[in-house]
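Enquirer: Since the structure of chain A is provided, determine the placement of chain U on it from the hints.
Protein chains in written order, with UniProt numbering: chain A, 1 to 278; chain U, 1 to 161.
Treat the hints with caution; some may be incorrect.
As the list claims (entries may be wrong) - Below, a list of computed lysine-lysine pairs in the DSS-like style, where the Cα atoms sit at most 25 Å apart:
#1 A:K214 <-> A:K180
#2 U:K42 <-> A:K178
#3 A:K61 <-> A:K108
#4 A:K61 <-> A:K45
#5 A:K61 <-> A:K235
#6 A:K180 <-> U:K107
#7 A:K235 <-> A:K197
#8 A:K178 <-> A:K114
#9 A:K114 <-> A:K61
#10 A:K235 <-> A:K178
#11 A:K108 <-> U:K83
#12 A:K108 <-> U:K107
#13 A:K178 <-> A:K214
#14 U:K83 <-> U:K42
#15 A:K114 <-> U:K107
Stated by the list, open to error - Derived Cβ-Cβ restraints for the label pairs, each shown as a range:
#16 A:S222 <-> U:D118: 38 to 48 Å
#17 U:S72 <-> A:Q261: 52 to 62 Å
#18 U:G25 <-> A:L95: 17 to 27 Å
Keep in mind the hints are simulated off the structure, nothing from the lab.
On a predicted model such as this, the values are computed, not experimentally measured, just so you know.
No residue lacks a Cβ here, since even glycine has one placed at the ideal position from N, Cα and C.
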Amino acid sequence: AEAAELRARLRSVRHTVLVLSGKGGVGKSTFSALLAHGLAADETKQVALLDIDICGPSIPKMMGLEGEQVHQSGSGWSPVYVEENLGVMSVGFLLSSPDDAVIWRGPKKNGLIKQFLRDVDWGEVDYLIVDTPPGTSDEHLSIVQYLSATHIDGAVIVTTPQEVSLQDVRKEINFCRKVKLPIIGVVENMSGFVCPKCKNESQIFPPTTGGAEKMCQNLNVSLLGKVPLDPQIGKSCDSGQSFLAEAPQSPATLSYRNIIQRIQEYCEHHHFQEEKIM
Amino acid sequence: TLAERTNLAGVRHILLVLSGKGGVGKSTISTELALALRSAGKRVGILDVDLCGPSIPRMLRVQDSAVHQCDSGWVPVFVGQDKAIALMSIGFLLERPDDAVVWRGPKKNALIKQFVTDVAWGDLDFLIVDTPPGTSDEHISTVEALRPHQLLGAVLVTTPQ
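Same shape as in the complex, but just chain A (with noise of 0.2 Å):
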């Protein structure tokens, strides 16, 4: 019954993509956030971006949310819309402080998720993006489960160059293939800085056995592009704007937007493909 109940809430989402890592703080919010915001630069789209990190979400910032509060009605949780047709359900809006620390273990953190499924109107939409905390634990295994009632398209898996990120990056890769979750590609953020000023390129993290494309290589698995660390992405996340908007001459915007069509295509095309089998 709850499955049902699942189903029918999701039965209105085209396209479901999970942002997920392994490593903390390789830029999953960022690029969820990002990702949200190029979908939903097209007005004819109904993009959704669910938060599942509990213990810290970071969207409601990255989004220009704080403060925000959940509504409720007839129909179920209102997620909080930044555009008219970008909607976002984070537990940062359910806290009274934003330094409230959520120290839950798994079942309550599960029980949360599995709400924010359930009871969130979403309406219709045509790309339901979830953010999700570092690790391969209960979040996951739950998103995992509670989507199966749905279809997920995919999942996009974010590093960075070096080994010590590759070793998380790996675990989750194979998460993906033990959960039978596709994975639509790898994004190489943080991937070297170009110095605005002398214009040379250098390598802060250097990719020690040979970055996410030795990785995807070996792994046969798409590496969807790789992100240059620019200052503004931190700046703009932190003052709630859209990168994209406020720099689109950096190279990294630039990185990014080549991504999100990507995924874009990977999306479409799978779907083109689901229906032609059907």
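Expert: Then chain U, alone, in the frame of chain A:
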């Protein structure tokens, strides 16, 4: 239990390295702290309770080590230039390093409890406990398991943004 008292009884100070945020440098700081304390002549141990993403073994170049048991429990892996820093990490228990530890809370809690009570640390001046990001099962269980012992305190790591 007698075993619990024995295994951590010889540890003078227990230090937790925490953040909340991932990727800020907890494991890096834990490693550097251990190496610096060792340089200053202290007896040091590191406990890596990041079950999903154990980074310490690679940072100390022992990612291919295996662990053994003795009468009092798990024998830590000895690392550092003079092989005098005692390290225990779940990384050592994985058959293959790319294996994901996909466990829910209760199973993680059981392992952490074992890590804390069943490692034969011997006499240490400092035991540095590296944690994963967040404020969840690993953190609650680690603090609970360590509380009866000499918990010195926590060092919190962040980045500027």
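Enquirer: For each hint, tell me whether it holds in the structure or not.
Expert: Verification of the supplied hints:
no.: 1; hint: A:K214 <-> A:K180; in the structure: holds, 23 Å
no.: 2; hint: U:K42 <-> A:K178; in the structure: violated, 43 Å
no.: 3; hint: A:K61 <-> A:K108; in the structure: holds, 24 Å
no.: 4; hint: A:K61 <-> A:K45; in the structure: holds, 23 Å
no.: 5; hint: A:K61 <-> A:K235; in the structure: holds, 11 Å
no.: 6; hint: A:K180 <-> U:K107; in the structure: holds, 22 Å
no.: 7; hint: A:K235 <-> A:K197; in the structure: holds, 19 Å
no.: 8; hint: A:K178 <-> A:K114; in the structure: holds, 21 Å
no.: 9; hint: A:K114 <-> A:K61; in the structure: holds, 23 Å
no.: 10; hint: A:K235 <-> A:K178; in the structure: violated, 37 Å
no.: 11; hint: A:K108 <-> U:K83; in the structure: violated, 42 Å
no.: 12; hint: A:K108 <-> U:K107; in the structure: holds, 15 Å
no.: 13; hint: A:K178 <-> A:K214; in the structure: holds, 22 Å
no.: 14; hint: U:K83 <-> U:K42; in the structure: holds, 13 Å
no.: 15; hint: A:K114 <-> U:K107; in the structure: holds, 21 Å
no.: 16; hint: A:S222 <-> U:D118: 38 to 48 Å; in the structure: holds, 43 Å
no.: 17; hint: U:S72 <-> A:Q261: 52 to 62 Å; in the structure: holds, 59 Å
no.: 18; hint: U:G25 <-> A:L95: 17 to 27 Å; in the structure: holds, 26 Å
In the structure shown, a violation is registered for the earlier hints numbered 2, 10 and 11, in ascending order.
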